[in-house]
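*Asks:* In order, the protein sequence lines correspond to chains W and R. Going by my numbering, the first residue of the first sequence is number 2, and it counts up by one from there. Going by my numbering, the first residue of the second sequence is number 31, and it counts up by one from there.
By construction, these hints were calculated from the structure, which means they are not laboratory data. From a predicted model like this one, the values you see are computed outputs, not experimental measurements. The C-beta atom is built at its ideal place from N, Cα and C for all residues, glycine as well. Worth double-checking, as some hints may not be accurate.
[What the hints assert, rightly or not] Pairwise CB distance ranges, derived in the manner of DEER restraints:
1. R/G66 x W/S142: 19 to 29 angstroms
2. R/E87 x W/N87: 30 to 40 angstroms
3. R/E87 x W/P31: 40 to 50 angstroms
4. W/P196 x R/P106: 50 to 60 angstroms
5. R/E102 x W/S181: 39 to 49 angstroms
6. R/H63 x W/N87: 23 to 33 angstroms
7. W/D68 x R/H99: 23 to 33 angstroms
8. W/D164 x R/G66: 27 to 37 angstroms
9. R/R58 x W/D164: 27 to 37 angstroms
10. R/G59 x W/D72: 35 to 45 angstroms
11. W/D164 x R/H63: 52 to 62 angstroms
12. R/P106 x W/F233: 31 to 41 angstroms
13. W/R29 x R/G66: 18 to 28 angstroms
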Amino acid sequence: MSDLSNLVLSIADNKQMLGLRYAEWATRAPSLEADIAAAAMGLDDLGHSRVLYGCLDPLGDDPRGADRESDPASLSALPYFDEPWNSWGQFVAANAVLDTAFTVMIEACVSGNVEVLQHRLRKMLNEERYHFMHGRSWLRSGIDAEPLNEAWRQAIEWFGPPDGDTAKLHGDGMLSMGPSELRARLEEQLETRAPEVVGDWKRWDPKRRRTSPGAIDERTFGMLRGLEEKRFAPASKQA
Amino acid sequence: MTAMDEGVKYRRVTGEAVEYEVFARKTRGEPLHQVGSVVAPDDDLAAAYARATYDEERWIEMAIVRKDHFIELWRPGE
């Protein structure tokens, strides 16, 4: 499996989960406008994940295995998305920090030397501009430190170790930024310094780009596979 | 002072929010026209809300303006 395909799959899985978690807040946000924004951003990110999955074949090395149908831990999403969010602060931290971290990585892909990524991912950057404005504005209104620090920690871990795959991809020109540049760019975007994070790189899983085990909840995994729909099917059509 | 004089303000979870009018057009030949409004505490959030709420159609241009930045010449009934 190539490092680049694995990274693109990780962006896709994270955007899919981000979209789902956004959508869960489409009737729970603090205002009607924020409800609509949550729904729209959810749709955007689910769409982005489809585009990213579609890049795996042209990259020539699709890392998706059969275990993705049965094992939630086979997905490459961050721990932040393992469980539904139970506070608006978690939503805002994900919106401001993690969504922007994924965008910064997409910027690095678009400015890199891989043609399929240069062309297919560019449009996402326009749409993500509004996610960023939404997240930054809500962040300025103030949220609890806990979800914010957790989002920063996971974003920096997701960028990878100083001498890991993203550093190598940067060296090869496939990404225009390596881990330290990605972090600096995220700090620049959010106009703040990242909290001090000491990456536990010995425990870092390069495939899932996270240090902690775990996986998304069973109900969400069932929904991703279409199994939840069976609950609503007429009894006669159920298997 | 009426609400219109100072802009329509709403109590928000954190801070005050004001009303923004949303304008858009589909072709270069037509003028911008009002397509709706949003309520937000700042320009960034208002832009994000306007895009999320009114982006269903294929606009070539969209703009927002704070309602209290309007310079009124006259009002209904005047």
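*Asks:* Indicate, hint by hint, whether the structure satisfies it.
*Replies:* How the hints compare with the structure:
Checked against the given bound of 19 to 29 angstroms, the beta carbons of R/G66 and W/S142, roughly 23 angstroms apart, stay inside it. R/E87 and W/N87 have their C-beta atoms about 35 angstroms apart, which keeps the hinted 30 to 40 angstroms range intact. Checking the proposed 40 to 50 angstroms range against R/E87 and W/P31 shows it is violated: the Cβ atoms sit about 27 angstroms from each other. For the hinted restraint 50 to 60 angstroms between W/P196 and R/P106, the CB-CB distance of approximately 54 angstroms keeps it satisfied.
A hinted range of 39 to 49 angstroms for the beta carbons of R/E102 and W/S181 is inconsistent with their spacing of about 53 angstroms. Separated by about 42 angstroms at the C-beta atoms, R/H63 and W/N87 break the suggested range of 23 to 33 angstroms. Between W/D68 and R/H99 the beta carbon distance is about 56 angstroms. The supplied range of 23 to 33 angstroms is therefore violated. For W/D164 and R/G66, the hinted distance range of 27 to 37 angstroms is not satisfied, since their beta carbons lie about 51 angstroms from each other.
For the pair R/R58 and W/D164, the beta carbons lie near 52 angstroms from each other, so the given range of 27 to 37 angstroms is not met. For R/G59 and W/D72, the hinted distance range of 35 to 45 angstroms is not satisfied, since their beta carbons lie about 56 angstroms from each other. The given range of 52 to 62 angstroms is respected by W/D164 and R/H63, whose C-beta atoms sit roughly 56 angstroms from each other. The hinted window of 31 to 41 angstroms between R/P106 and W/F233 is violated, with their beta carbons roughly 50 angstroms apart.
In this structure the supplied range 18 to 28 angstroms holds for W/R29 paired with R/G66, their Cβ-Cβ distance being about 23 angstroms.
Of the numbered hints listed earlier, those contradicted by the structure are 3, 5, 6, 7, 8, 9, 10 and 12.
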